[in-house]
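Undergrad: Sequence:
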Amino acid sequence: MQIRVEKQNNPVADEVSALVAVTRPIIAGIYHSIGQDVLSAIGKREDIKLKLLGKIRSQGDGDTGIAFEYAVHDAVVNGVPVVVERVADALGHCRINRGDPSSILFAIEKSGSQQLISTEIDLITTESRVLSGERGQPVKLKGHLNRLAAAFRRPSTRAQLPQSIRGLWKADLFLGSTEPDHWVGTTVKINRSHLEAARGLRVAIVPSKAGASDAIKKDEQKNLIVCPMPHDGSFMQVFYEGWRIVQALCESNFKMPREVDLPSPIDREVARVYIERREFPVPDVLEATRKFAQPELLVADEAPASNVAFGADAEPETSTIITPFPRMSS
Numbered sequence: 002m003q004i005r006v007e008k009q010n011n012p013v014a015d016e017v018s019a020l021v022a023v024t025r026p027i028i029a030g031i032y033h034s035i036g037q038d039v040l041s042a043i044g045k046r047e048d049i050k051l052k053l054l055g056k057i058r059s060q061g062d063g064d065t066g067i068a069f070e071y072a073v074h075d076a077v078v079n080g081v082p083v084v085v086e087r088v089a090d091a092l093g094h095c096r097i098n099r100g101d102p103s104s105i106l107f108a109i110e111k112s113g114s115q116q117l118i119s120t121e122i123d124l125i126t127t128e129s130r131v132l133s134g135e136r137g138q139p140v141k142l143k144g145h146l147n148r149l150a151a152a153f154r155r156p157s158t159r160a161q162l163p164q165s166i167r168g169l170w171k172a173d174l175f176l177g178s179t180e181p182d183h184w185v186g187t188t189v190k191i192n193r194s195h196l197e198a199a200r201g202l203r204v205a206i207v208p209s210k211a212g213a214s215d216a217i218k219k220d221e222q223k224n225l226i227v228c229p230m231p232h233d234g235s236f237m238q239v240f241y242e243g244w245r246i247v248q249a250l251c252e253s254n255f256k257m258p259r260e261v262d263l264p265s266p267i268d269r270e271v272a273r274v275y276i277e278r279r280e281f282p283v284p285d286v287l288e289a290t291r292k293f294a295q296p297e298l299l300v301a302d303e304a305p306a307s308n309v310a311f312g313a314d315a316e317p318e319t320s321t322i323i324t325p326f327p328r329m330s331s
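When you read off a place in the sequence shown, starting at 1, and then add 1, the result is the number in our numbering.
Any given hint might turn out to be false.
[What the hints assert, rightly or not] Capping the alpha-carbon separation at 30 Å, the derived lysine-lysine pairs in BS3-like fashion look like this:
#, residue 1, residue 2
1, K52, K292
2, K143, K219
3, K218, K141
4, K223, K143
5, K223, K141
6, K190, K210
7, K223, K210
Think of the hints as simulated: they come from the structure by calculation, not from any bench.
Based on the sequences and whatever the hints tell you, model everything.
TA: The structure is reproduced here in structure tokens:
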């Protein structure tokens with residue numbers, strides 16, 4: 002499995018060239034994630050025409066599911082001050098006050114083999130405990146990783162988890178510190194209204210909202226410490242707008258989508274860049290459209306995801322995850 006990170010390198014300039022800059026790697030991600038089983042039936046990858054991309058992609062290809070989670074995780078790991086300070090404050094509300102904040106990215110694939118995606122898996126030791134906010138001895142995390150992985154897809158296995166962490170499978174990150182070796186299940190949502198309570202989840206990270214308080218405080222109803230995180234909203238907006246354009250183009254086989262599917266004139270102008278080239282192979286289209294993209298908006302970094310397998314034999318269906326990496330504002 003590959004994680005392709007599109008790192009924001011410069012502020013967003015004009016909207017059309019910025020949208021071309023983000024749609025190109027999304028299309029490339031879909032193109033590269035087509036499985037060998039499909040290629041064996043249709044021919045060489047480099048010969049695939051753009052107009053066929055929508056027909057042969059699966060819905061899992063190019064999943065943006067861990068976009069914001071990965072940005073927060075990497076910012077903590079790399080010590081981005083504004084992020085680390087806010088995470089430290091949130092952890093303080095959970096009585097984790099010693100040591101520098103650390104993050105473990107917990108993202109199990111929606112289908113296929115069970116994997117814990119993380120570059121920091123060694124942080125989980127035999128003594129690592131997860132603080133649930135409930136009375137009693139905190140549960141040791143390592144011994145329950147198999148059950149957490151199984152619970153992600155099989156509801157029948159969730160009852161096997163200790164009651165205090167029965168909802169921990171919903172975590173996106175484990176935030177904590179190696180000094181006390183204490184961790185908290187953390188949910189990360191790009192939309193605050195999607196936050197939900199679950200036993201074992203203690204911290205919720207959401208983007209800060211213009212005009213709203215960014216104070217770290219407890220949501221008593223959900224029993225979550227809500228930590229708004231600053232980020233370059235314009236970049237995230239452009240990235241997801243680009244993703245919607247590509248989705249619409251794939252559904253229409255790279256003909257002009259219906260106006261109701263793509264109503265914005267700017268979005269339709271970006272779509273036209275690809276529609277005019279639908280008869281050409283995807284690599285040629287990506288090369289030809291490079292000149293229309295905002296220079297150096299994104300820097301691509303693709304690497305295999307570090308993972309720990311949990312015993313399943315099935316191959317993962319989502320082979321590529323495309324994740325925007327916004328510049329965290331200071």
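Undergrad: Each of the hints needs a verdict: does it hold here or not?
TA: Each hint, compared with the structure:
1. K52 with K292: holds, 21 Å
2. K143 with K219: holds, 27 Å
3. K218 with K141: OK: K218 and K141 at ~26 Å, within 30 Å.
4. K223 with K143: Status holds; Cα separation ~26 Å.
5. K223 with K141: Within the cut-off at roughly 23 Å; holds.
6. K190 with K210: Cα-Cα ~13 Å, so holds.
7. K223 with K210: At roughly 20 Å apart (the allowed maximum being 30 Å), K210 and K223 satisfy the hint.
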